[in-house]
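Asks: Top line first, the protein sequences correspond to chains W and E.
When you line the first sequence up against the numbering used here, it's residues 1 to 259, in that order.
When you line the second sequence up against the numbering used here, it's residues 260 to 518, in that order.
Derived by calculation from the structure, the hints in this document are not laboratory data.
Built from N, CA and C at the ideal position, the CB exists for glycine as well.
Please note: incorrect hints may appear among the correct ones.
Claimed, not checked - Chain W side only, calculated, beta carbon under 10 Å to chain E, not exhaustive:
| hint | residue |
| --- | --- |
| 1 | 14 |
| 2 | 57 |
| 3 | 58 |
| 4 | 78 |
| 5 | 81 |
| 6 | 189 |
Claimed, not checked - Partner residues aside, some chain E positions facing chain W, computed with beta carbon under 8 Å:
| hint | residue |
| --- | --- |
| 7 | 269 |
| 8 | 271 |
| 9 | 317 |
| 10 | 321 |
| 11 | 334 |
| 12 | 364 |
| 13 | 422 |
| 14 | 425 |
Number of protein chains: 2
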Amino acid sequence: MNLESSKEQIEKENALTESEFIKQYDSSKYEKPSVTVDIMVFTVIKDKLCVLLIKRGRHPFKDAWAIPGGFINMDEDADTAAKRELEEETKVTGVHLEQLYTFSSVHRDPRMRVISISYIAIVPYNKLQYAYGDDASDSRIFEIRRANDDVYILDSLDYNIRLSKSDLAFDHYEILKTAIKRLEGKLDYTDIAIDFLLDKKNFSMNEILWIYKAISGKEYSKPNFARDFKARYQNRLVKTGQEKSNHGKPVNKYSISDK
Amino acid sequence: MNLESSKEQIEKENALTESEFIKQYDSSKYEKPSVTVDIMVFTVIKDKLCVLLIKRGRHPFKDAWAIPGGFINMDEDADTAAKRELEEETKVTGVHLEQLYTFSSVHRDPRMRVISISYIAIVPYNKLQYAYGDDASDSRIFEIRRANDDVYILDSLDYNIRLSKSDLAFDHYEILKTAIKRLEGKLDYTDIAIDFLLDKKNFSMNEILWIYKAISGKEYSKPNFARDFKARYQNRLVKTGQEKSNHGKPVNKYSISDK
DNA sequence: GCAATAGTGTCTATAAGACACTATCCG
DNA sequence: CGGATAGTGTCTTATAGACACTATTGC
């Protein structure tokens with residue numbers, strides 16, 4: 001504890017019952033940081049990993065792109081705040097949402113001390129595409145490309161717009177990089193890929209392969225991928241039928257059940 | 260953002276430069292939670308995973324066992340606060356310290372709203388054994404045992420003392436369970452096991468095997484473990500010699516270099 | 001038929017589990 | 001020598017990568 005208290009003070013406290021103690025406790029004695037949640041909304045379009053960013057309309061970092069988020073209310077925990085902010089920003093509910101990491105550099109916000117609890121949301125693209133506005137809107141979906149350890153952020157509508165670290169507000173570039181590493185890491189031992197599926201009850205091997213490719217940045221051999229995916233989800237995966245494509249052999253369609 | 264501002268207010272703000280804006284910004288307008296760091300000090304004794312807990316001497320949860328921690332200062336980030344608290348509590352420096360998760364239930368602390376950023380410290384036992392006091396001290400090392408999804412916490416000096424969820428302060432039982440899962444998960448793709456070694460420049464295959472066993476709770480075949488460990492660390496591992504034991508064949512000793 | 005796409009089967013290389021066998025020490 | 005502990009070698013099974021081959025459709 002960095003709250004130094006005298007011996008006498010502690011003894012006086014301990015003479016009270018716990019409920020007496022809580023009544024007399026004054027929590028305003030010490031300066032406190034502000035706490036926010038930031039939610040990275042990830043989606044996969046075809047075989048590309050994408051993230052939703054919003055253009056800041058006010059200081060600080062006015063006109064820079066930022067991860068959506070906001071202050072945590074005193075009557076909600078961080079998960080609830082993240083869920084609320086996600087819905088306010090995108091109207092999306094009922095998706096995979098997990099805490100990533102808490103960023104706490106002293107001067108990450110120039111206004112004041114702000115600690116940010118960051119979250120990852122996994123949103124199938126069809127749930128998202130009508131939620132964020134058109135070209136004129138202040139929110140946009142960016143494509144994420146990787147080379148070595150670097151992360152490139154491209155406007156998915158206009159590849160000429162490429163964001164660099166300084167185009168992002170606060171420490172949001174670092175937060176994004178951390179999130180992408182986390183997604184990569186969790187790909188093989190969790191079900192996050194499945195959470196990106198447009199329709200868990202009707203998808204092809206290609207669709208799920210593309211999602212794996214989008215997250216890992218790696219290429220997969222189609223035959224081997226199908227073999228391994230089927231083996232991994234043998235208890236949950238059902239072939240539901242076939243569907244003619246406009247060229248070539250019809251594709252098998254699958255359904256996957258919740259665990 | 261849950262900070263509602265009028266259109267006029269935003270326009271007034273945006274007429275300012277960023278530095279003018281920051282000067283006039285009043286961060287005390289909104290109520291804020293307190294933020295603490297909690298540090299779980301893990302160590303391995305023989306083949307047992309152990310954690311350091313302290314007996315609370317004051318309200319709330321007076322006399323319950325707790326994960327050491329304290330409030331974050333306004334001029335330090337969470338990593339720095341965790342490092343400081345670890346040193347204040349155990350005199351230990353220079354060990355593996357990583358952020359685990361941020362716990363934020365609204366009523367986790369009965370005094371007030373407290374958000375806790377939890378950390379895992381990995382401390383070789385020889386660095387720890389003289390730091391925490393004797394039997395009479397308010398800190399003690401507990402052994403962690405697992406059965407299925409349950410976690411048992413045993414006083415390593417007296418197995419008759421077994422802590423249950425309600426013997427721990429706050430939500431510290433939940434935090435501990437989360438930490439143990441994280442350690443298990445990171446065992447195979449990080450070097451955390453090595454961080455538990457008493458001496459990275461002089462250890463036996465048995466010592467490192469015991470650490471793996473302690474963390475995973477699983478049994479390992481000695482021959483296969485040695486084969487796989489050598490394969491995994493072939494670039495960093497050097498056989499340094501042999502050492503006679505009081506019975507049986509002498510043991511090979513190894514040294515492992517930093518990455 | 002042929003280009004295009006989907007999917008099967010097979011061979012190989014690597015890693016993981018089981019465990020018999022050998023080695024060295026102490027008394 | 002026998003009990004105890006350490007370490008090697010080998011066989012078997014499971015998993016992952018490479019890729020040739022077959023299947024179905026539209027034009």
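Asks: Could you run down the list of hints and mark each one as holding or not?
Replies: Structure-based check of each hint:
1. 14: holds, 6 Å
2. 57: holds, 7 Å
3. 58: holds, 5 Å
4. 78: Interface hint status for residue 78/W: holds (4 Å vs cutoff 10 Å).
5. 81: Interface hint status for residue 81/W: holds (8 Å vs cutoff 10 Å).
6. 189: holds, 8 Å
7. 269: At about 5 Å, which falls below the 8 Å cut-off, the nearest Cβ of chain W leaves the hint on residue 269/E intact, so it holds.
8. 271: violated, 10 Å
9. 317: holds, 5 Å
10. 321: Status holds, d = 6 Å.
11. 334: With Cβ-Cβ at 6 Å, under 8 Å, it holds.
12. 364: With Cβ-Cβ at 5 Å, under 8 Å, it holds.
13. 422: violated, 19 Å
14. 425: violated, 14 Å
Violated hints, in rising order: 8, 13 and 14; the structure is consistent with all others.
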